[in-house]
Amino acid sequence: MENKGILIYVEREGGRVHPICYELLGKGRDLADKTDSKVSCAVLGSGITETAQELVAYGADTVYVYDDESLATFDSLAHKQNLVSLISEVQPAIVMFGSTLTGKALAPRVATAVEAGLTSNCTALELQEDGSLLQVRPAFTGNFLAHVKTSSDITMVTVRYRALEAGQKDEGRKGEIVKKGVEKVDSGVKVLGKGEAKPASIAGADIVVCAGRGLRNADDFELVQQLADALGGVVGATRPLVDDGWISKDHQVGFSGTIVKPKLYVGVGVSGSPQHLAGIRDSGTIVAINSDPSVALFRIADYAVVGDLYQVIPQMIELLKKK
Amino acid sequence: MHIIVLAKQVPDIEKVKFLRETNRVDRKSADSEINPFDLNALEAAQQMKEQLGATVTVISMGPQSAEAVLREGIARDADRGILLYDDSFAGADTLATSYTLAAAIRKVGDFDLILCGETTVDGDTGQVGPGLAERLGVSLLPFVSELTKVSTDKVTAVTETSAGSLSVEASFPLLITGTKELNTPRLPTLKEKLRARKAEVEKWTAADLGDVDPVKLGIAGSATWVESIALPPEKKRKGEVLQGEDAASQLVAALDKAGLLKG
Numbered sequence: 003m004e005n006k007g008i009l010i011y012v013e014r015e016g017g018r019v020h021p022i023c024y025e026l027l028g029k030g031r032d033l034a035d036k037t038d039s040k041v042s043c044a045v046l047g048s049g050i051t052e053t054a055q056e057l058v059a060y061g062a063d064t065v066y067v068y069d070d071e072s073l074a075t076f077d078s079l080a081h082k083q084n085l086v087s088l089i090s091e092v093q094p095a096i097v098m099f100g101s102t103l104t105g106k107a108l109a110p111r112v113a114t115a116v117e118a119g120l121t122s123n124c125t126a127l128e129l130q131e132d133g134s135l136l137q138v139r140p141a142f143t144g145n146f147l148a149h150v151k152t153s154s155d156i157t158m159v160t161v162r163y164r165a166l167e168a169g170q171k172d173e174g175r176k177g178e179i180v181k182k183g184v185e186k187v188d189s190g191v192k193v194l195g196k197g198e199a200k201p202a203s204i205a206g207a208d209i210v211v212c213a214g215r216g217l218r219n220a221d222d223f224e225l226v227q228q229l230a231d232a233l234g235g236v237v238g239a240t241r242p243l244v245d246d247g248w249i250s251k252d253h254q255v256g257f258s259g260t261i262v263k264p265k266l267y268v269g270v271g272v273s274g275s276p277q278h279l280a281g282i283r284d285s286g287t288i289v290a291i292n293s294d295p296s297v298a299l300f301r302i303a304d305y306a307v308v309g310d311l312y313q314v315i316p317q318m319i320e321l322l323k324k325k
Numbered sequence: 003m004h005i006i007v008l009a010k011q012v013p014d015i016e017k018v019k020f021l022r023e024t025n026r027v028d029r030k031s032a033d034s035e036i037n038p039f040d041l042n043a044l045e046a047a048q049q050m051k052e053q054l055g056a057t058v059t060v061i062s063m064g065p066q067s068a069e070a071v072l073r074e075g076i077a078r079d080a081d082r083g084i085l086l087y088d089d090s091f092a093g094a095d096t097l098a099t100s101y102t103l104a105a106a107i108r109k110v111g112d113f114d115l116i117l118c119g120e121t122t123v124d125g126d127t128g129q130v131g132p133g134l135a136e137r138l139g140v141s142l143l144p145f146v147s148e149l150t151k152v153s154t155d156k157v158t159a160v161t162e163t164s165a166g167s168l169s170v171e172a173s174f175p176l177l178i179t180g181t182k183e184l185n186t187p188r189l190p191t192l193k194e195k196l197r198a199r200k201a202e203v204e205k206w207t208a209a210d211l212g213d214v215d216p217v218k219l220g221i222a223g224s225a226t227w228v229e230s231i232a233l234p235p236e237k238k239r240k241g242e243v244l245q246g247e248d249a250a251s252q253l254v255a256a257l258d259k260a261g262l263l264k265g
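Listed in order, the protein sequences are those of chains A and B.
Just so we're aligned, residue 3 is where the first sequence starts under the numbering used here, counting upward by one.
Just so we're aligned, residue 3 is where the second sequence starts under the numbering used here, counting upward by one.
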């Protein structure tokens, strides 16, 4: 990697910086220090100038601010256009995005526009002795890790949320804030309205209580929700339950849904298909509750509770309420 | 109105084996099928055709066997199926794939709408759709979970973003990537399947694409490569089995001790 530095796309979500950006900054700062180069951030939106100082505190040397009414809602064409101009100006060696819905829509457009190799859903980035960047991403339902290299001048990646450590905040850190003129693009896409705000995302949760086939019917999610509430967590579900329409897709835990890395994962009535296990593999503590002790989830559990979830869960809720 | 649907043949991802020597999938180890998300794209195109009388073209890049996914499309009322098949297309990453698809689409001619799945279950990059929108210079509606209203020059749709869903109106030409929630794909009838079996699938090689730069195709045109494949490190787990009447209280006590219960 030549000393052309690292550029991080700063995604904003509901009026705040998406926490993935602090993780990208942590890794970006580390890579920049090792290669004696700089980390810059690009933040696009409306009324966002005040976030720039925060990004400096988390490790950015330069923050490029694109603050304009026209960027109030995310549009892949408008964000792409401004980013591509910035890339040709600062010529970074590495461009990083979060592997969120926004990052996944934007990064391929940008990469294609500048003919850069893009590796998505990375879980680790390692600087090699020859200066190249090794990109690690899960492949084949997460049962393997692919080690990917890039041959283009710019290496682009999207990185999975909670895969990297967030950078240390230091209010005393100095950095440059550069206000940029905004290129306006009419993409022909008009926002008519916003849907319901999403419930707490399972991707960012510290505690996930996940229901599987052992649940008898959709109404019983209420019981699962009660346990999640008592633990201070959120509710997840395995793919068959989502496929049957018992709960919406944003609750789906697994390689084909959302990969989670909570401090505590509790699987109730979950057998543990390979794609599900691949989605919870990195959880801190794994609890499995199932009346069948032969299920695959038991083999990777820290605590395997042999019992009927309809008995164990109410007992747990009682005990947790007493705490 | 002309709709183009992109489809890909993928291995049954739950069963497929991997060849560690070549870092490639062993295609013989599992059956192939159409990428499940592409069925939602095909269903959406079929519904539009029924409502508005569109022409539907299905395009796939892949080995000769991928002809099967084009027949899947024809069975779902697509008018035309085109397989992009050439040794020089092999080993393409998403950059080379979108380049090849863009060249084919330019050759096919004007379109109003391109529909594809949000990702494919084998590569799981989700990059080809947005990359193709860029190559063709059209707007993108990613992660569309509902097509609320479709007319001959625009759509109203629900698109999923990190911050929640948005209702948007977008004018053509446009590329849409669809989620599983987009619709429930119908199964073709036996008659439709028979018709698709007999239908002609066009096969285009690099030479048929006209003015393409050979160094941008396949492995030569790819900017990323898989250097090696590793097994994920297994975390050491406690493996404590709790059973009997007081299993729940043993568990709660253990979680409390581990500091996992909020105070």
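A few of these clues could be false.
[Said to hold, decoys possible] Derived DSS-like pairs (lysine-lysine); straight-line CA-CA distance at most 27 angstroms:
no.: 1; chain 1: A; residue 1: Lys251; chain 2: B; residue 2: Lys182
no.: 2; chain 1: A; residue 1: Lys192; chain 2: B; residue 2: Lys237
no.: 3; chain 1: B; residue 1: Lys259; chain 2: A; residue 2: Lys325
no.: 4; chain 1: B; residue 1: Lys264; chain 2: A; residue 2: Lys186
no.: 5; chain 1: B; residue 1: Lys151; chain 2: A; residue 2: Lys192
no.: 6; chain 1: B; residue 1: Lys17; chain 2: A; residue 2: Lys265
no.: 7; chain 1: A; residue 1: Lys192; chain 2: B; residue 2: Lys156
no.: 8; chain 1: B; residue 1: Lys218; chain 2: A; residue 2: Lys265
no.: 9; chain 1: A; residue 1: Lys324; chain 2: B; residue 2: Lys264
no.: 10; chain 1: B; residue 1: Lys218; chain 2: A; residue 2: Lys196
no.: 11; chain 1: B; residue 1: Lys17; chain 2: A; residue 2: Lys6
no.: 12; chain 1: A; residue 1: Lys265; chain 2: B; residue 2: Lys109
no.: 13; chain 1: A; residue 1: Lys151; chain 2: B; residue 2: Lys218
no.: 14; chain 1: B; residue 1: Lys237; chain 2: A; residue 2: Lys151
no.: 15; chain 1: B; residue 1: Lys17; chain 2: A; residue 2: Lys325
no.: 16; chain 1: A; residue 1: Lys323; chain 2: B; residue 2: Lys259
no.: 17; chain 1: B; residue 1: Lys240; chain 2: A; residue 2: Lys251
no.: 18; chain 1: B; residue 1: Lys218; chain 2: B; residue 2: Lys156
no.: 19; chain 1: A; residue 1: Lys171; chain 2: B; residue 2: Lys240
no.: 20; chain 1: B; residue 1: Lys17; chain 2: A; residue 2: Lys324
no.: 21; chain 1: A; residue 1: Lys251; chain 2: B; residue 2: Lys151
Since the hints were derived computationally from the structure, they do not count as laboratory data.
Predicted, not measured: the structure shown is a model, and the values here were computed from it.
Going down the list of hints, with the structure as the test:
no. : hint                : verdict
1   : A/Lys251 - B/Lys182 : holds (9 angstroms)
2   : A/Lys192 - B/Lys237 : violated (47 angstroms)
3   : B/Lys259 - A/Lys325 : holds (13 angstroms)
4   : B/Lys264 - A/Lys186 : violated (47 angstroms)
5   : B/Lys151 - A/Lys192 : holds (14 angstroms)
6   : B/Lys17 - A/Lys265  : violated (30 angstroms)
7   : A/Lys192 - B/Lys156 : holds (11 angstroms)
8   : B/Lys218 - A/Lys265 : violated (45 angstroms)
9   : A/Lys324 - B/Lys264 : holds (13 angstroms)
10  : B/Lys218 - A/Lys196 : violated (40 angstroms)
11  : B/Lys17 - A/Lys6    : violated (43 angstroms)
12  : A/Lys265 - B/Lys109 : violated (52 angstroms)
13  : A/Lys151 - B/Lys218 : holds (18 angstroms)
14  : B/Lys237 - A/Lys151 : holds (26 angstroms)
15  : B/Lys17 - A/Lys325  : violated (45 angstroms)
16  : A/Lys323 - B/Lys259 : holds (16 angstroms)
17  : B/Lys240 - A/Lys251 : violated (31 angstroms)
18  : B/Lys218 - B/Lys156 : violated (33 angstroms)
19  : A/Lys171 - B/Lys240 : violated (34 angstroms)
20  : B/Lys17 - A/Lys324  : violated (46 angstroms)
21  : A/Lys251 - B/Lys151 : holds (22 angstroms)
The earlier numbered hints that this structure contradicts are 2, 4, 6, 8, 10, 11, 12, 15, 17, 18, 19 and 20.
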